[in-house]
Amino acid sequence: MKIKTSIPCSFESVKSKHTYKIKDQLEVIVHVTSNPLNLPMDELFLMAARINKKRSFLFVSKVLGKHIPVNPHVSLLGGAALAVLLQQESGGPVSVDLPEIVQAIRNPAVYAADVYASLKSSPLLIDQPHLFIGFAETATALGHSMYEVFSGPTRYLHTTRESIRELDSILSFEEEHSHATAHRCYARDERFFQGTQPVVLVDDEITTGKTALNMIRDLHMKFPRSKYIVASLLDWRSDADREQFTMLEAELDIEIVCLSLIEGQIEVHGSSIEYMDEAAPSMNAAAEPSTITKHYVYNDFDHMEVSSGNSLGDVNLNPYVSLTGRFGLQYGDNSLLDKQVQQSAAFLGSLRTGANTLCIGTGEFMYVPMRIAAAMGDGILYQSTTRSPIHPSQEVGYAIRYRDAYTSPEDPAVMNFLYNIPPGHYDELFVFMEREASSEAESPFIEALRRTHTPHIHLVYFSPPVNDVDKELTS
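Be aware that the sequence shown starts at 51, since it is given in the working numbering, and climbs by one per residue.
Think of the hints as simulated: they come from the structure by calculation, not from any bench.
Be aware that a few hints might be false.
In silico BS3-like links for lysine-lysine, alpha-carbon gap of 27 Å or less [unchecked claim]:
1) Lys-260 to Lys-272
2) Lys-344 to Lys-272
3) Lys-103 to Lys-71
4) Lys-67 to Lys-104
5) Lys-170 to Lys-344
6) Lys-277 to Lys-104
7) Lys-104 to Lys-73
8) Lys-104 to Lys-71
9) Lys-103 to Lys-260
10) Lys-65 to Lys-260
11) Lys-260 to Lys-277
12) Lys-67 to Lys-103
13) Lys-103 to Lys-73
14) Lys-67 to Lys-260
Go ahead and model the full structure; you've got the sequences and the hints to work with.
And the structure:
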């Protein structure tokens with residue numbers, strides 16, 4: 051069975067070679083074999099050295115809204131581009147074509163909001179049921195934004211690293227190159243995975259494809275079907291990796307379709323970078339302290355009344371937001387989430403005091419904050435915290451210029467990172483937290499936020515306040 055790896059567009063597929071040198075210790079050569087939209091590489095990603103012996107480098111996306119701040123509509127359109135690829139593959143009608151989306155991604159201030167609004171008002175019509183699954187933590191929003199522009203019998207769920215105490219994980223599998231390998235899948239109803247509809251697995255990048263293959267194996271063993279689709283912005287599988295897909299097709303008697311905006315193969319020369327001591331420029335110690343204000347928007351959203359436990363045995367009893375995708379979504383849920391997002395965005399937008407604002411999602415909680423950020427007005431960029439450890443450097447063209455590390459509010463045994471926030475650069479931050487933790491657990495994160503030397507920092511919680519909340523904090 052043949053694996054489809056790209057969709058013909060109006061542009062001729064462009065082959066090219068790109069060489070990236072990372073701190074004179076690593077050289078990554080990218081051989082692009084398919085680029086039908088003629089996308090410039092430097093508008094999609096920058097390179098960085100990863101603190102991970104399994105894989106020494108990282109393609110740092112300029113679309114995802116994770117490590118690099120972006121116009122929030124750009125991130126939403128990244129998922130929409132994958133949706134159009136899928137619609138073209140299935141022969142369905144397209145309300146906005148790929149060149150329009152690419153133009154909006156490349157010129158977001160001019161086109162992005164209008165193109166996204168057009169997709170929301172005229173979604174892609176799909177007749178056959180599809181189940182979309184986004185991979186945590188990076189692709190939770192990418193998968194959701196791909197799913198949300200379809201109109202029809204669709205479902206969405208994202209995998210999670212979280213351990214939900216009241217639920218059993220219906221599916222579990224491992225990620226090959228990650229610093230946090232275990233994926234879990236929770237759904238309010240196990241029947242969520244039942245059926246013979248195609249499953250669409252969404253990730254920002256496919257390097258070997260082993261994560262997708264692991265997921266397909268586990269899913270097919272429990273809920274078999276005939277077709278799986280793997281959608282990603284970048285596809286770097288080698289010939290040997292592609293052969294693994296072909297072998298699994300034959301073994302399980304299934305079809306696997308791979309869709310991506312860019313396709314190619316990579317060569318890596320050199321060794322992993324163990325240590326880089328390049329401190330970012332420091333802020334004047336006499337700078338004005340940040341004012342931190344807490345806001346609670348839990349009344350705008352429905353909740354899933356379950357709790358979590360971390361690796362130390364600590365329990366957080368605060369509920370999760372119901373419609374993030376962690377517990378499964380149906381197409382009928384989309385309009386309710388749209389309403390909740392708009393209501394919250396109107397309130398938070400009214401709190402803005404500056405013209406240069408950064409909105410920050412936290413961990414897997416990316417899509418809802420991204421949607422809110424996109425509706426809060428002009429002058430907003432969006433990014434998210436992450437578990438991914440990356441070396442910073444002030445070298446020109448390097449992806450990560452600034453880094454701050456802190457223990458996760460959800461699990462003190464897990465390090466989290468905040469990247470690319472120059473001290474004193476923004477007028478204000480809006481930091482979106484799905485659930486509030488104790489003051490002690492949150493303190494390292496709040497101190498990291500203070501170190502950005504941003505005049506106004508808004509902590510936005512989507513769960514009810516805990517007992518020890520102070521409404522106003524000033525450093």
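The hints, checked one at a time:
no.: 1; hint: Lys-260 to Lys-272; result: holds (19 Å)
no.: 2; hint: Lys-344 to Lys-272; result: violated (44 Å)
no.: 3; hint: Lys-103 to Lys-71; result: holds (18 Å)
no.: 4; hint: Lys-67 to Lys-104; result: holds (24 Å)
no.: 5; hint: Lys-170 to Lys-344; result: violated (31 Å)
no.: 6; hint: Lys-277 to Lys-104; result: violated (30 Å)
no.: 7; hint: Lys-104 to Lys-73; result: holds (19 Å)
no.: 8; hint: Lys-104 to Lys-71; result: holds (19 Å)
no.: 9; hint: Lys-103 to Lys-260; result: holds (17 Å)
no.: 10; hint: Lys-65 to Lys-260; result: holds (25 Å)
no.: 11; hint: Lys-260 to Lys-277; result: holds (17 Å)
no.: 12; hint: Lys-67 to Lys-103; result: holds (26 Å)
no.: 13; hint: Lys-103 to Lys-73; result: holds (17 Å)
no.: 14; hint: Lys-67 to Lys-260; result: holds (25 Å)
Going through the hint list in order, the structure does not satisfy hints 2, 5 and 6.
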